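Let the hints inform the model, and build the full structure from the sequences given.
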Amino acid sequence: MSAPANISYGLYGAWRLAHGDRDGLNWLDDSLHGFWHSFRAAILVAPLYIVYVLLLAQETEAPFLGFLVLEAEAYVISWVLFPLVMYHMTGILGCRHHYLRHIVAYNWAQVLQNALYLPIVILAGFGILPADLAAMLSLIALGIVLFYSGFIAYAALEVPLTTAVGVVILDLVLSVVINTIIDITARSPVPIQ
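Numbering (our numbering), first residue to last: 1 to 193.
These are calculated hints, taken from the structure and not from any lab test.
Quick caveat, the model's predicted, so the values are computed rather than measured.
Among these hints, one or two may not hold up.
As the list claims (entries may be wrong) - Quick list of the computed label-pair ranges, beta carbon to beta carbon: (1) W36 with F126: 33 to 39 Å; (2) L84 with D23: 26 to 32 Å; (3) L81 with L146: 29 to 35 Å; (4) H97 with L172: 24 to 30 Å; (5) L170 with A3: 14 to 20 Å; (6) P47 with H88: 20 to 26 Å; (7) R96 with H19: 25 to 31 Å.
The beta-carbon is built from N, C-alpha and C at its ideal position, and this holds for glycine as well.
Structure, rendered in structure tokens:
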């Protein structure tokens, strides 16, 4: 499958999943090749993420270049850590045979999730959205993203709902840990070179 077709099918499958349609999984290439190509989603999300990071850089006292390097590292880690952890978790949960399908769906879903959330943060950062409205919209977006992630885990891994909730909590904890480490490092008295 060509790269544009792979991206189109991946995004369409993610869109169908976002509407609660399990058949969205049928649009995804859950082969090993499709797994690796689903990380193209990180390239699609990157432009919005760069704007977000540039806004964050204005609020930090860390050296600009050092902060950008930290955020770039965090971005790569966030795209790699969850799939690595889930590889081991699917073995423990007895659903390793659905691992590729889950990560492919998860990766393409990241495009939709970030397209929902990052504009809210960016518009608030530029002062276009009032802080209270941005906070409310961010909370709503977070709820939608968590529900969507849970549905993907439930449908793609074919696990009980409680297990799917556990997968979402694991993803959330990993994100919090990554962000906390970046925040601590950015505020560290040791200069970031």
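Do the hints match the structure? See the list:
1. W36 with F126: 33 to 39 Å: 36 Å, holds
2. L84 with D23: 26 to 32 Å: Holds - the Cβ-Cβ distance for L84 and D23, about 28 Å, lies within 26 to 32 Å.
3. L81 with L146: 29 to 35 Å: 18 Å, violated
4. H97 with L172: 24 to 30 Å: Since the Cβ atoms of H97 and L172 sit about 25 Å apart, the hinted range of 24 to 30 Å holds.
5. L170 with A3: 14 to 20 Å: 30 Å, violated
6. P47 with H88: 20 to 26 Å: This hint is violated: roughly 32 Å between Cβ atoms.
7. R96 with H19: 25 to 31 Å: At roughly 28 Å between Cβ atoms, H19 and R96 fall inside 25 to 31 Å, so the hint holds.
Hint compliance for this structure: hints 3, 5 and 6 are not met, and every other hint is.
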